[in-house]
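Student: Here is what each chain is made of, one letter per residue.
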Amino acid sequence: MQTGSRIGVVTSIFIFLTVMALPTVSLNAEEKGTAGVNTFNRLMRPKSERNQPPAQDGIHDPACEGTNLLLPPKEAFKSMPELQSGNYVDWVQALNKKLIQPRYDRKNPNEEPVIFELDIVREVKGTMPDVVYPHDRHTQWLDCSNCHPDIFIPEKGKNVISMAQILMGQKCGVCHGKVAFPVSECRKCHSKKKDGKDSKPAAPAAAEAPKKGAK
Amino acid sequence: MIEKGVLIGLWQKRAWVVMMVALLATLEVVSPAMAEYGDVVINNQSDKAGMRPPVFPHWFHRIRFRCKVCHADLGFKFQAGGNQINMLKIIDGEFCGACHNGEIAWSVENCDVCHSGKPGTPTQVHGSTVQKLIGTTAPKPDQKP
Amino acid sequence: MIRIFAVLYLVLVLLAPSLVWAQSQAIQRKAALVDQFLKDSDTSRRISAKGDPAALTLLEQAKQAREEARQAIAAGDEKKGIEWLDKALKLVATASRNSIDPASRVWLVRSRFEDLGVSVANFKDAYARHLKRLKPGEQGPLDLKEVETALKESAALGKEKKFVEANKILETAHDRVVTGLKTLLGSTALVYELKFDTPKDEYDYEVRRGESYEAMIRMMFNEAGTRQVDDKQIQPLMDKSLELNKLASQQAAAGQFKDAIKTQEDANKSLGQVLRFLGVQIPL
Numbered sequence: 001m002q003t004g005s006r007i008g009v010v011t012s013i014f015i016f017l018t019v020m021a022l023p024t025v026s027l028n029a030e031e032k033g034t035a036g037v038n039t040f041n042r043l044m045r046p047k048s049e050r051n052q053p054p055a056q057d058g059i060h061d062p063a064c065e066g067t068n069l070l071l072p073p074k075e076a077f078k079s080m081p082e083l084q085s086g087n088y089v090d091w092v093q094a095l096n097k098k099l100i101q102p103r104y105d106r107k108n109p110n111e112e113p114v115i116f117e118l119d120i121v122r123e124v125k126g127t128m129p130d131v132v133y134p135h136d137r138h139t140q141w142l143d144c145s146n147c148h149p150d151i152f153i154p155e156k157g158k159n160v161i162s163m164a165q166i167l168m169g170q171k172c173g174v175c176h177g178k179v180a181f182p183v184s185e186c187r188k189c190h191s192k193k194k195d196g197k198d199s200k201p202a203a204p205a206a207a208e209a210p211k212k213g214a215k
Numbered sequence: 001m002i003e004k005g006v007l008i009g010l011w012q013k014r015a016w017v018v019m020m021v022a023l024l025a026t027l028e029v030v031s032p033a034m035a036e037y038g039d040v041v042i043n044n045q046s047d048k049a050g051m052r053p054p055v056f057p058h059w060f061h062r063i064r065f066r067c068k069v070c071h072a073d074l075g076f077k078f079q080a081g082g083n084q085i086n087m088l089k090i091i092d093g094e095f096c097g098a099c100h101n102g103e104i105a106w107s108v109e110n111c112d113v114c115h116s117g118k119p120g121t122p123t124q125v126h127g128s129t130v131q132k133l134i135g136t137t138a139p140k141p142d143q144k145p
Numbered sequence: 001m002i003r004i005f006a007v008l009y010l011v012l013v014l015l016a017p018s019l020v021w022a023q024s025q026a027i028q029r030k031a032a033l034v035d036q037f038l039k040d041s042d043t044s045r046r047i048s049a050k051g052d053p054a055a056l057t058l059l060e061q062a063k064q065a066r067e068e069a070r071q072a073i074a075a076g077d078e079k080k081g082i083e084w085l086d087k088a089l090k091l092v093a094t095a096s097r098n099s100i101d102p103a104s105r106v107w108l109v110r111s112r113f114e115d116l117g118v119s120v121a122n123f124k125d126a127y128a129r130h131l132k133r134l135k136p137g138e139q140g141p142l143d144l145k146e147v148e149t150a151l152k153e154s155a156a157l158g159k160e161k162k163f164v165e166a167n168k169i170l171e172t173a174h175d176r177v178v179t180g181l182k183t184l185l186g187s188t189a190l191v192y193e194l195k196f197d198t199p200k201d202e203y204d205y206e207v208r209r210g211e212s213y214e215a216m217i218r219m220m221f222n223e224a225g226t227r228q229v230d231d232k233q234i235q236p237l238m239d240k241s242l243e244l245n246k247l248a249s250q251q252a253a254a255g256q257f258k259d260a261i262k263t264q265e266d267a268n269k270s271l272g273q274v275l276r277f278l279g280v281q282i283p284l
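Residue numbers (the numbering used here), protein chains in the order written: chain Z, 1 to 215; chain C, 1 to 145; chain F, 1 to 284.
Calculated from the structure, these hints are not laboratory results. No experiment lies behind these values; they were computed from the predicted model shown. Built from N, CA and C at the ideal position, the CB exists for glycine as well. Don't take each hint at face value.
Said to hold, decoys possible - Stretch by stretch, here's where chain C covers chain Z in the computed footprint (C-beta under 8 Å, at least three residues):
hint: 1; stretch: 57-68
hint: 2; stretch: 103-111
hint: 3; stretch: 173-182
What the hints assert, rightly or not - According to the in silico footprint, chain C covers these stretches of chain F (three or more CB under 8 Å from chain C):
hint: 4; stretch: 29-40
hint: 5; stretch: 78-90
So here's chain Z without its partners, still in its complex pose:
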């Protein structure tokens, strides 16, 4: 390469990098919602982009002293069981294996949660497996009043839930898709295969007598 053209290349690279290096407070693609088809798909996020340390995560200000005092998530997540979405940590497993011991009471570390072991099976139309909602995993973390009756009325037939509502942040979407794992993994909820015919209850003895109205 001639010296002259080399200087030209170098200059243009410098100008490009300088422009790039001027950080701006910009609304990135996420905030505009134009992230496109593939952002929702968890598979499009490579492992290197997961659990970024605060200074590089896009919302913390790297110029702030406090940002550099914060613990990078990856350090805390090192020993935790993995999940394929959300924080990429299976929090329920982590709790059951006692890898974390979060308090149930603000001051008392020994208080035990009141666990309610009731599964609600919601039949769905079509070929998707039925949804199994496990109370036990949720009551390990939450209080009854967090969901009942503001988000879910504890009565059959009173809760109309569609995938669109969940994705828009209602019903299950109040937490799932915001702070709990997102609904990109269908089988985590749609876990009970229909046996043969559609809409056939698997355990008739446990089924509630049909009530008026649809879900």
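Model the placement of chains C and F on the given structure of chain Z, informed by the hints.
Tutor: Quick look at chains C and F alone, frame taken from chain Z:
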């Protein structure tokens, strides 16, 4: 460094090193970074007050407390920006101040550890599905939650 | 030449322009917070008025620390200034913590009272509904009359604004009802079957589903701004779903519910396809 049979001088070598380092350093600016899932940015008053908006990390607190403690016992609503929090209430021991008082957790004088968001970031639950599909739609600060 | 560029570039990158929040701004904000508490907050007024000696001492110490900070900052020693301000904040927080006014916590206790009241009533009704799974003559684990009494008592206390006492009664009732439900239901699974009483119910169900899809599409278009998807792909699908919606409602009005359900399902499928174009994986 030898390029096409021509020996490149010392300064040119150094210039290459500088450029490579700079390129790597700026890559984080060029590619979109992803914040930790569940981080809540609250910017109801921060911009007006000239402070960076606080960023609340759910994951860090989840390791230490179950959802019930904040959302049932301390009165936090399930809504980013939907709680009427201000510094005086925190000093008084309400909301964040129930733990961030020097006893259960560190105290209120560590401004920058909470107020570490990029100025101008709108109130949001970062990385949420709603945000990705629809954009940042936060309730207006004076709107009743 | 390259040397000059390299130096210039390093200087630019190292300065890292953005919104640079200088040290002095941080001090100003902290000082403003301490001042706001000491001069302009209900808590400090209450502490001064009530005269609790321990809290007053802390308040005085905080005021002194604020003065020291002011002097240090005036003398140019920012580090010392911050140290004094931190001390002041710590003292202020301790003073406040040790003299909490229960009246300021009313909103929390009241909201817990309301939540619990509604919760207990709802769960009591749920328990009553599930009583039919008991064999005739069998007694359930919960005494419903006790729960009703508790609800009445707590409501009365709530009217007199005695929320703390009301909450105690409600918490006990809540524990009883939840334990009762646990014992009654065991660890069975409740199956909410998708059996519709009438075809009209199933049609309504499909209409509601279509409405929720429409709402989502509307939100994604209105609030997300320009989308990267071609309108040419979406518009025919939207038109098709509109047509099918009309047809379905006509069929429903004529009583042909089986056809109406099928038509509405097709309409929803079109909407589902639109959502897929927009990046949302909805099963069709």
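Student: Give a verdict on every hint.
Tutor: Status of the hints after comparison with the structure:
Under a criterion of three residues with beta carbons nearer than 8 Å to beta carbons of chain C, the stated coverage of the stretch 57-68 of chain Z is upheld, 9 such residues being counted. Beta-carbon proximity to chain C at under 8 Å applies to 5 residues in the stretch 103-111 of chain Z; the threshold of 3 is reached and the given coverage holds. Proximity of the stretch 173-182 of chain Z to chain C, defined as three or more residues with a beta carbon under 8 Å from a beta carbon of that chain, is established by the 7 residues found. With 5 residues having a Cβ less than 8 Å from any Cβ of chain C, the stretch 29-40 of chain F passes the three-residue criterion, so the hint holds.
A count of 4 residues in the stretch 78-90 of chain F with a Cβ less than 8 Å from any Cβ of chain C is obtained; the coverage claim is therefore met, three being the minimum.
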